[in-house]
Amino acid sequence: MPDRDAQARAQFEQYVAARRQALLRTAYLLTGQHADAEDLVQLALVKAMPHWAKIAHDPEPYVRKVLARESISRWRRRRWREVSTEHVPEQEQGGADQTDRAAVRAALLQLAPRQRAVVVLRYFDDLTEAQTAQALGIAVGTVKSQSRDAMARLRELLPPEGAEAVRR
37 MPDRDAQARA
47 QFEQYVAARR
57 QALLRTAYLL
67 TGQHADAEDL
77 VQLALVKAMP
87 HWAKIAHDPE
97 PYVRKVLARE
107 SISRWRRRRW
117 REVSTEHVPE
127 QEQGGADQTD
137 RAAVRAALLQ
147 LAPRQRAVVV
157 LRYFDDLTEA
167 QTAQALGIAV
177 GTVKSQSRDA
187 MARLRELLPP
197 EGAEAVRR
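In this note's numbering, the protein residues as written are 37 to 204.
It cannot be assumed that every hint is accurate.
[Claimed, not checked] Straight-line Cα separation of at most 20 Å, SDA-like style, residue types lysine to any residue; simulated pairs:
id : residue 1 : residue 2
1  : K101      : Y51
2  : K83       : E49
3  : K101      : Y159
4  : K101      : T164
5  : K101      : A169
[What the hints assert, rightly or not] Pair ranges (Cβ atoms, derived):
id : residue 1 : residue 2 : range
6  : T164      : E49       : 24 to 30 Å
7  : R40       : A71       : 32 to 38 Å
8  : P196      : A44       : 50 to 56 Å
9  : K180      : A138      : 39 to 45 Å
10 : L60       : A92       : 20 to 26 Å
11 : A54       : F160      : 16 to 22 Å
12 : E49       : A148      : 34 to 40 Å
13 : G173      : R55       : 18 to 24 Å
14 : G173      : R56       : 21 to 27 Å
15 : G173      : R137      : 16 to 22 Å
16 : D41       : R137      : 40 to 46 Å
In short, the hints are calculated from the structure, not lab data. The beta carbon of each residue, even a glycine, is placed where N, CA and C say it ideally should be.
Please take these sequences and the hints and turn them into a complete structure.
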């Protein structure tokens, strides 16, 4: 038994090493904050470890589902804690690419959590509608309608040049 546990642990560690950056990117797009993204990935991996024997053959859908669901749950728990500030922090200095990224990120953060999860999984993680539905535990039709509504909202929120990127 100890040999099997060591083997499973090594397999889990290999998965984490190989997929950590991609999971962090997804979590960042879901949360909009680096620290929150790291916490979300850690939480997802902690929740995945006890189920590793069942999911080891293809852990990605399970881990993405945990990321998306925990992101929505965290948003629900934290939304009442937002505090206004008198002074706005200084913005990062960057070129047009940084400006575009910031605009897309800001627009994503204005979407409802489920819409944001659908957009991130569908268009940033390049999942199919069926895979996105499975990851979120919703119907494919819901993915389609949430995606449609989210993309329409993003077109409203982004400047014309940013909206062009969303239309593609």
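Now the hints, each set against the structure:
no. : hint                       : result
1   : K101 with Y51              : holds (16 Å)
2   : K83 with E49               : holds (14 Å)
3   : K101 with Y159             : holds (16 Å)
4   : K101 with T164             : holds (14 Å)
5   : K101 with A169             : holds (9 Å)
6   : T164 with E49: 24 to 30 Å  : holds (29 Å)
7   : R40 with A71: 32 to 38 Å   : holds (35 Å)
8   : P196 with A44: 50 to 56 Å  : holds (51 Å)
9   : K180 with A138: 39 to 45 Å : violated (29 Å)
10  : L60 with A92: 20 to 26 Å   : holds (21 Å)
11  : A54 with F160: 16 to 22 Å  : holds (18 Å)
12  : E49 with A148: 34 to 40 Å  : holds (35 Å)
13  : G173 with R55: 18 to 24 Å  : holds (21 Å)
14  : G173 with R56: 21 to 27 Å  : holds (24 Å)
15  : G173 with R137: 16 to 22 Å : violated (30 Å)
16  : D41 with R137: 40 to 46 Å  : holds (42 Å)
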